[in-house]
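Letter by letter, the chains look like this.
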Amino acid sequence: MSEPRAVTPPPTFVSRLAQEPLILLGLALSLLVVTLLSLAVGAVPIRVEAILRILWELLGGSGADTREATVLLGVRLPRVLLAIVVGAGLGTAGAALQGLFRNPLADPGLIGVSGGAAVAAAATIVHGAALTAQLPAWLDPWLLPVNAFLGALAVTAIVYAVAWRQEGMDVATLLLSGIALNAITMAGLGLLVFLSNDIQLRSLNLWLLGSLAYAPWPQLVPVIPLVVLAMLGLMSQARPLNALLLGESEAFHIGFPIERVKRRLIVLAALAAGASVALTGIIAFVGLMVPHLVRRLLGPDHRWLLPGSALLGATLLLLADLLARTIVLPAELPVGVITSMVGGPFFLWLLFRGRRL
Amino acid sequence: MIRLRNVSLARGGRTILAGLDLTLESGEMAVLLGPNGAGKSTLLAALSGELAPGGGEVLFEGRPVGDWPARALAQRRAVLPQASRLQFGFTVAEVVELGRSPHAGTAEARHDKRAVAAALQAAGVSRFLRQDYRRLSGGEQQRVQLARTLAQIWRAEPLGPSRWLLLDEPVTSLDLAFQEQALEAAKAEARRGAGVIASLHDPNLAARHADRVLLIAGGKLVADGPPAEVLRPEVLSPIYGLRLAAVKHPTRDLQMVVPV
Numbered sequence: 004m005s006e007p008r009a010v011t012p013p014p015t016f017v018s019r020l021a022q023e024p025l026i027l028l029g030l031a032l033s034l035l036v037v038t039l040l041s042l043a044v045g046a047v048p049i050r051v052e053a054i055l056r057i058l059w060e061l062l063g064g065s066g067a068d069t070r071e072a073t074v075l076l077g078v079r080l081p082r083v084l085l086a087i088v089v090g091a092g093l094g095t096a097g098a099a100l101q102g103l104f105r106n107p108l109a110d111p112g113l114i115g116v117s118g119g120a121a122v123a124a125a126a127t128i129v130h131g132a133a134l135t136a137q138l139p140a141w142l143d144p145w146l147l148p149v150n151a152f153l154g155a156l157a158v159t160a161i162v163y164a165v166a167w168r169q170e171g172m173d174v175a176t177l178l179l180s181g182i183a184l185n186a187i188t189m190a191g192l193g194l195l196v197f198l199s200n201d202i203q204l205r206s207l208n209l210w211l212l213g214s215l216a217y218a219p220w221p222q223l224v225p226v227i228p229l230v231v232l233a234m235l236g237l238m239s240q241a242r243p244l245n246a247l248l249l250g251e252s253e254a255f256h257i258g259f260p261i262e263r264v265k266r267r268l269i270v271l272a273a274l275a276a277g278a279s280v281a282l283t284g285i286i287a288f289v290g291l292m293v294p295h296l297v298r299r300l301l302g303p304d305h306r307w308l309l310p311g312s313a314l315l316g317a318t319l320l321l322l323a324d325l326l327a328r329t330i331v332l333p334a335e336l337p338v339g340v341i342t343s344m345v346g347g348p349f350f351l352w353l354l355f356r357g358r359r360l
Numbered sequence: 051m052i053r054l055r056n057v058s059l060a061r062g063g064r065t066i067l068a069g070l071d072l073t074l075e076s077g078e079m080a081v082l083l084g085p086n087g088a089g090k091s092t093l094l095a096a097l098s099g100e101l102a103p104g105g106g107e108v109l110f111e112g113r114p115v116g117d118w119p120a121r122a123l124a125q126r127r128a129v130l131p132q133a134s135r136l137q138f139g140f141t142v143a144e145v146v147e148l149g150r151s152p153h154a155g156t157a158e159a160r161h162d163k164r165a166v167a168a169a170l171q172a173a174g175v176s177r178f179l180r181q182d183y184r185r186l187s188g189g190e191q192q193r194v195q196l197a198r199t200l201a202q203i204w205r206a207e208p209l210g211p212s213r214w215l216l217l218d219e220p221v222t223s224l225d226l227a228f229q230e231q232a233l234e235a236a237k238a239e240a241r242r243g244a245g246v247i248a249s250l251h252d253p254n255l256a257a258r259h260a261d262r263v264l265l266i267a268g269g270k271l272v273a274d275g276p277p278a279e280v281l282r283p284e285v286l287s288p289i290y291g292l293r294l295a296a297v298k299h300p301t302r303d304l305q306m307v308v309p310v
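Chains as they are written, first to last, in my numbering: chain A, 4 to 360; chain B, 51 to 310.
Simulated from the structure, these hints should not be mistaken for laboratory data. Being a predicted model, the structure only gives us computed values, none of them experimental. Idealized CB from N, CA, C, for every residue including glycine. Mixed in with the good hints there might be a few duds.
Chain A side only, calculated, beta carbon under 7 Å to chain B, not exhaustive [what the hints assert, rightly or not]: (1) Pro107; (2) Leu108; (3) His130; (4) Trp141; (5) Ile257; (6) Phe259.
Assemble the whole structure, with the sequences as input and the hints as a guide.
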């Protein structure tokens, strides 16, 4: 057409709604509220002022020796921290994996990452004693999360080797091999259950269903930096992840060294999911549901999606755990039962809607 | 300048490019013609650095294209794929803004908004700005992707390092008017100094828009020259296995070909 079309002024730019920072702030505030609520509610109720006072005194270095302080610092705080770290880690890993595979149904559980972590962690629980005897004592708490990470990485490396092609990583093969590896890791878990003694079996059982009940400080301390490191690493990959949504070739065309980016994402997602799984077992569907919900609030841009998924993942897992430990007092449900009861139908609903989210 | 020296490339055990020699200059609109399976997309993938040739070499501005860092390459050349689907709901503006990724953190980044606005307009998609990409028709999506590539190599100053636009069948899903508009937009980039290589199926579109026509068949370059030279029935008929006749364009000094 030689005649130019009507010249309209250049459109002004409003990137989506420009409310992303506010929404993120809202998510952070709800996490804060739910955290305080989780610290307050339980067999021994603790008022919020008391919580703040005890935490303040802790920061000041003068630990109060009341019953409330013992419950809060010895039991509730580590559990709440574990829920926050695991929820944030799974949410972030799920968002990153969905972007990497350009598949809104991807989930750390789906591609076998969680399964690999679970087998390695269960093996550590059952046979770890033999290993710890050889190691200096300060390394003991690191054994479980590091092994879980290695298990997650090993499985991911196998999936990657199977699915890698000259033209790049084939996503369909990747997901299918994830299914096969999940079957193998579940068989491995069954074998470990069979080999375990009664005491191990009790902790394995809780763990197989996914539970936040096991959160002693020494075990918690290594998990936090590992998951936080992985999450920050994933957030630094937000731009390449956005580019990947266009397709792998397209991401290369707009300047991202795509094979390197994919390897980096796989290792970081394995670390986030693996270290999260170490203490809690497989908590299903958090990595699937959370990014979907956050996308509705913030859109698909990973610069907002990843931090949003970390915040909402932490909040939802805290809420689920609050429910799990109060709904059948004085006993408690494994939190994995709750997330699966909510997440399973959510997953089916997604399939029913034809994955249009 | 992009130079291919004796480039051969096999995919899945099948030879696609068989010893291709070719030199492309910037400022020129080159159209790639050839039957289905002739190797047009593979040639473009080799030019873009996406596929490494099995033999020979592809030199992008004098340096093997595989040696270029992905980002530096992306600052100089953009690629339009045949079709791009999205699983997640980016808006049209966000898709086009992604084209500016290679310029993030460089001096060029301050022109991002102008580049995106100009590209949206050139591709005729300004009015879709805030719509969900997935809700657009195939042709509209193709125009948005074209806008993304135009934004990627857009520059306030036409001088500077060379710019390349590689378009793989840019008009397949477009209606008549937008076919013209898309090719005019590409040609305008060539007039501003960019090198453009577009694969097409319609020799008559090539006749009107190309400065140079490259005809490939069986992984080899079989004809290379101005449209009037290459787009003749005696050249095209044996390649397509179809009897063709030449006709005069009713109003312009152009020769066109039609099946007999």
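Status of each hint after checking the structure:
| no. | hint | result |
| --- | --- | --- |
| 1 | Pro107 | holds (6 Å) |
| 2 | Leu108 | violated (10 Å) |
| 3 | His130 | violated (42 Å) |
| 4 | Trp141 | violated (42 Å) |
| 5 | Ile257 | holds (5 Å) |
| 6 | Phe259 | holds (6 Å) |
When each numbered hint is compared with the structure, violations occur for hints 2, 3, 4.
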